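K.L.:
Protein sequences appear in the order of chains B and G. Read in order, the letters of the first sequence correspond to residues 1 to 341 in the working numbering. Read in order, the letters of the second sequence correspond to residues 1 to 341 in the working numbering.
Take the hints with a grain of salt, since some may be wrong.
What the hints assert, rightly or not - Label pairs and their calculated CB-CB ranges:
no., chain 1, residue 1, chain 2, residue 2, range
1, B, Ser112, G, Glu29, 35 to 45 angstroms
2, B, Gln26, G, Thr31, 17 to 27 angstroms
3, G, Glu33, B, Arg124, 39 to 49 angstroms
Said to hold, decoys possible - Here chain G is said to cover these stretches of chain B; the calculated rule only asks that three of the stretch's residues, wherever they fall, bring their Cβ under 8 angstroms from a Cβ of chain G:
no., region
4, 90-104
5, 200-211
6, 261-270
To be verified - Simulated crosslink set (SDA-like; lysine to any residue; CA at most 20 angstroms straight-line):
no., chain 1, residue 1, chain 2, residue 2
7, G, Lys19, B, Val8
8, B, Lys19, B, Val8
9, B, Lys19, G, Ser112
10, B, Lys19, B, Glu30
These aren't lab readings, by the way, just hints derived from the structure by calculation. Because the structure is a prediction, the values reported are computed rather than measured. All residues carry an ideal CB built from backbone N, CA and C; glycine is no exception.
As a plain string of letters, each chain reads:
Number of protein chains: 2
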Amino acid sequence: MTIHDVAVLAGVSTGTVSKALSGRGQLREETRERVQAAAQQLGFRPNDLARSLLRGRTFTVGLLTSDSFGRFSIPLMQGIEDALGAGSVAVYLCDARGDRVRERHYIESLLSRRVDGIIVSGRRADPRPPLGVHPSVPVVYAYSQSTSPEDLAVVPDDVHGGRLAVDHLARAGRRRLAHVTGPARFEAVRLRLEGARQAAAEAGLDLPDERMLTGAWSEAWGREAAALLLAERRGADAIFCGNDQIARGVADALRERGARVPDDVAIVGYDNWELVAAATRPPLTSVDQGLERVGRTAAHLLLARIEGAGESGVRRLPCSLVVRESSGFTSLREHPPEPAP
Amino acid sequence: MTIHDVAVLAGVSTGTVSKALSGRGQLREETRERVQAAAQQLGFRPNDLARSLLRGRTFTVGLLTSDSFGRFSIPLMQGIEDALGAGSVAVYLCDARGDRVRERHYIESLLSRRVDGIIVSGRRADPRPPLGVHPSVPVVYAYSQSTSPEDLAVVPDDVHGGRLAVDHLARAGRRRLAHVTGPARFEAVRLRLEGARQAAAEAGLDLPDERMLTGAWSEAWGREAAALLLAERRGADAIFCGNDQIARGVADALRERGARVPDDVAIVGYDNWELVAAATRPPLTSVDQGLERVGRTAAHLLLARIEGAGESGVRRLPCSLVVRESSGFTSLREHPPEPAP
Numbered sequence: 001m002t003i004h005d006v007a008v009l010a011g012v013s014t015g016t017v018s019k020a021l022s023g024r025g026q027l028r029e030e031t032r033e034r035v036q037a038a039a040q041q042l043g044f045r046p047n048d049l050a051r052s053l054l055r056g057r058t059f060t061v062g063l064l065t066s067d068s069f070g071r072f073s074i075p076l077m078q079g080i081e082d083a084l085g086a087g088s089v090a091v092y093l094c095d096a097r098g099d100r101v102r103e104r105h106y107i108e109s110l111l112s113r114r115v116d117g118i119i120v121s122g123r124r125a126d127p128r129p130p131l132g133v134h135p136s137v138p139v140v141y142a143y144s145q146s147t148s149p150e151d152l153a154v155v156p157d158d159v160h161g162g163r164l165a166v167d168h169l170a171r172a173g174r175r176r177l178a179h180v181t182g183p184a185r186f187e188a189v190r191l192r193l194e195g196a197r198q199a200a201a202e203a204g205l206d207l208p209d210e211r212m213l214t215g216a217w218s219e220a221w222g223r224e225a226a227a228l229l230l231a232e233r234r235g236a237d238a239i240f241c242g243n244d245q246i247a248r249g250v251a252d253a254l255r256e257r258g259a260r261v262p263d264d265v266a267i268v269g270y271d272n273w274e275l276v277a278a279a280t281r282p283p284l285t286s287v288d289q290g291l292e293r294v295g296r297t298a299a300h301l302l303l304a305r306i307e308g309a310g311e312s313g314v315r316r317l318p319c320s321l322v323v324r325e326s327s328g329f330t331s332l333r334e335h336p337p338e339p340a341p
Numbered sequence: 001m002t003i004h005d006v007a008v009l010a011g012v013s014t015g016t017v018s019k020a021l022s023g024r025g026q027l028r029e030e031t032r033e034r035v036q037a038a039a040q041q042l043g044f045r046p047n048d049l050a051r052s053l054l055r056g057r058t059f060t061v062g063l064l065t066s067d068s069f070g071r072f073s074i075p076l077m078q079g080i081e082d083a084l085g086a087g088s089v090a091v092y093l094c095d096a097r098g099d100r101v102r103e104r105h106y107i108e109s110l111l112s113r114r115v116d117g118i119i120v121s122g123r124r125a126d127p128r129p130p131l132g133v134h135p136s137v138p139v140v141y142a143y144s145q146s147t148s149p150e151d152l153a154v155v156p157d158d159v160h161g162g163r164l165a166v167d168h169l170a171r172a173g174r175r176r177l178a179h180v181t182g183p184a185r186f187e188a189v190r191l192r193l194e195g196a197r198q199a200a201a202e203a204g205l206d207l208p209d210e211r212m213l214t215g216a217w218s219e220a221w222g223r224e225a226a227a228l229l230l231a232e233r234r235g236a237d238a239i240f241c242g243n244d245q246i247a248r249g250v251a252d253a254l255r256e257r258g259a260r261v262p263d264d265v266a267i268v269g270y271d272n273w274e275l276v277a278a279a280t281r282p283p284l285t286s287v288d289q290g291l292e293r294v295g296r297t298a299a300h301l302l303l304a305r306i307e308g309a310g311e312s313g314v315r316r317l318p319c320s321l322v323v324r325e326s327s328g329f330t331s332l333r334e335h336p337p338e339p340a341p
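I would like the entire structure built from these sequences, with the hints used as guidance.
P.N.:
Written out as structure tokens, the structure reads:
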């Protein structure tokens with residue numbers, strides 16, 4: 001099906017078809033309608049590529065990720081897609097796999113394809129070197145941020161996430177808090193701890209150094225840390241964990257050592273990774289980072305940048321808490337404890 | 001930076017620049033080189049979009065997935081990217097989320113962007129209705145297949161996967177096989193069982209109906225099935241599981257009921273999903289479906305279709321086995337048992 005077929009059916013020249021479908025040039029309304037009807041009847045698709053050249057925009061954006069693993073990038077992508085109108089702006093996927101040479105190659109490829117802008121996402125939200133593209137190319141970092149203050153980033157609010165977890169444990173009547181989390185070099189670890197300390201101080205809860213344990217982001221570390229807390233009788237009745245895998249390890253080790261969850265010890269995880277949180281015995285109460293919303297917001301801000309808006313800096317979006325059995329709150333809801341002094 | 005700047009620097013007209021960079025028209029070699037040098041000096045990017053219009057190809061393909069979840073689509077995407085030369089053909093990501101209206105919308109969007117072809121991937125390999133695009137649009141199904149025999153699909157060989165698992169257990173000296181797997185309506189469940197039965201028959205192993213249990217694809221089902229096998233003394237010394245989550249549930253339930261893995265019962269999982277397989281106690285031996293290779297092969301076949309090659313049907317790629325501790329084979333390697341009669 002070509003422009004020629006449309007011209008024959010509409011009884012006009014191909015130039016007139018071009019005018020009618022591209023919206024350029026002067027035409028009688030009746031002619032334009034006849035051409036459009038003919039195009040529709042024949043199922044002729046106006047060529048988006050050709051049109052985008054005229055408009056100076058391609059209605060494509062690049063999504064450059066280093067999270068091959070997918071756990072964090074999938075909800076991000078869903079949010080980005082939602083914001084970009086499910087197809088009216090197309091997303092090129094580029095997985096740099098944490099490799100700077102691959103990243104450079106992809107950036108060149110995206111620029112030569114004239115994307116309208118680039119979203120950069122990562123496996124963790126720690127600051128990374130800026131992309132190094134010309135300032136005229138709109139860029140937004142999502143679940144990632146750059147070391148340049150002129151860049152624009154959207155990340156979950158880790159301080160808020162830490163506050164939510166501990167505030168919830170305090171309202172569930174717990175007093176002796178422990179925190180088992182990932183490596184201290186992660187910004188997320190430091191910020192979540194900061195939030196946890198704030199909420200603990202406000203609720204009059206205790207979070208001494210001996211109940212604050214950093215290690216790997218793994219179940220094995222969760223089991224090890226729980227064993228340590230029990231064996232040395234550090235007396236925690238609530239454990240806030242830095243991710244759901246750690247929380248699962250903690251729950252398994254406690255159960256296997258005869259401590260009841262949540263009766264003896266309440267647990268809150270982080271990430272609300274359904275596959276882990278729901279499969280844990282008992283299912284995990286967990287902080288949800290709202291990554292879909294992070295993706296959606298980043299895409300909206302990218303569109304604004306493409307239109308020339310100049311916001312920069314780091315935007316931190318609030319988290320939410322998904323309550324399951326591990327925090328012992330569901331039953332308490334019916335008989336709420338006295339508020340903490 | 002525009003074509004005009006290049007023309008000024010090279011001392012030629014913009015028409016000559018266009019000829020030199022597009023490769024169209026007659027030009028003296030010396031002139032072409034001067035223009036190219038000027039373009040390079042100024043960092044002028046030839047417009048891929050404009051060039052693709054001339055060549056009739058856009059060097060883009062659409063990846064239409066319904067696996068929002070990402071576990072299966074991520075390795076597929078990596079394979080597809082590798083095959084497409086990491087950026088020389090760009091991939092538009094479209095996540096239809098199992099919704100036919102979204103899928104239709106994305107197909108329209110891909111066609112109007114004139115993609116050279118479409119790869120369709122899914123959350124499971126069962127046959128689905130064909131895309132319903134014009135036969136002139138090249139389509140390949142990856143980890144998915146259509147009900148039309150004219151379509152081309154690449155899927156893992158489930159019969160081979162089932163054979164690998166049971167053959168391994170037989171070589172580890174096991175005699176009394178059980179199979180705990182997902183819902184029987186899945187083609188994968190039927191094919192893996194077929195492979196398991198073939199290998200069992202060849203090795204003289206027993207797989208009676210009472211040790212063949214279908215249920216959900218979950219840890220909870222794995223725990224339930226293991227409890228059943230133990231309580232009713234059905235006497236399995238090896239359990240081949242339909243996925244790693246089931247295998248993990250089986251391993252947990254056996255341990256908690258005092259059965260030693262692998263000493264008393266060997267376990268083989270399926271999917272080789274690192275996060276589950278490596279975190280299980282003991283770590284799971286598991287069948288790897290080779291999804292990266294499925295993605296790579298699908299992309300190569302799509303490129304061949306774009307060039308006009310006509311292969312159709314279902315291509316089944318072999319699986320591999322990743323040996324960890326749960327199957328009790330590592331130690332046996334040093335003291336291999338007598339081959340099964």
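K.L.:
Taking a Cβ-to-Cβ distance below 8 angstroms as contact, does the region 200-211 of chain B have at least three residues touching chain G?
P.N.:
Violated: only 0 residues of the region 200-211 of chain B have a Cβ under 8 angstroms from chain G.
K.L.:
A range of 35 to 45 angstroms was offered for this pair. Does it hold for the Cβ distance of Ser112(B) and Glu29(G)?
P.N.:
Distance hint for Ser112(B), Glu29(G) is violated at roughly 24 angstroms.
K.L.:
Is 17 to 27 angstroms respected by the C-beta to C-beta distance linking Gln26(B) and Thr31(G)?
P.N.:
Once the Cβ atoms are compared, 39 angstroms apart, the range 17 to 27 angstroms for Thr31(G) and Gln26(B) is violated.
K.L.:
What's the verdict on Lys19(B) and Ser112(G), does the C-alpha distance respect the 20 angstroms limit or exceed it?
P.N.:
Between Lys19(B) and Ser112(G) the Cα gap is close to 18 angstroms, so the pair holds against 20 angstroms.
K.L.:
Checking one constraint from the list: CA of Lys19(B) to CA of Val8(B), max 20 angstroms. Satisfied?
P.N.:
Roughly 15 angstroms separates the two Cα atoms, so the pair holds.
K.L.:
Is Lys19(G) close enough to Val8(B), meaning Cα to Cα at most 20 angstroms?
P.N.:
violated, 32 angstroms
K.L.:
Check the hint pairing Lys19(B) with Glu30(B) against an upper bound of 20 angstroms on the C-alpha distance.
P.N.:
holds, 13 angstroms
K.L.:
Do the Cβ positions of Glu33(G) and Arg124(B) conform to the proposed distance bound of 39 to 49 angstroms?
P.N.:
holds, 47 angstroms
K.L.:
Between the region 261-270 of chain B and chain G, see if three or more residues pass the 8 angstroms beta-carbon test, and mark the coverage as holds or violated.
P.N.:
Per the Cβ count (0), the hint is violated.
K.L.:
Report holds or violated for chain G covering the region 90-104 of chain B, Cβ cut-off 8 angstroms, minimum 3 residues.
P.N.:
As far as the region 90-104 of chain B goes, the hint holds, because 8 residues have Cβ atoms under 8 angstroms from chain G.
Of the numbered hints listed earlier, those contradicted by the structure are 1, 2, 5, 6 and 7.
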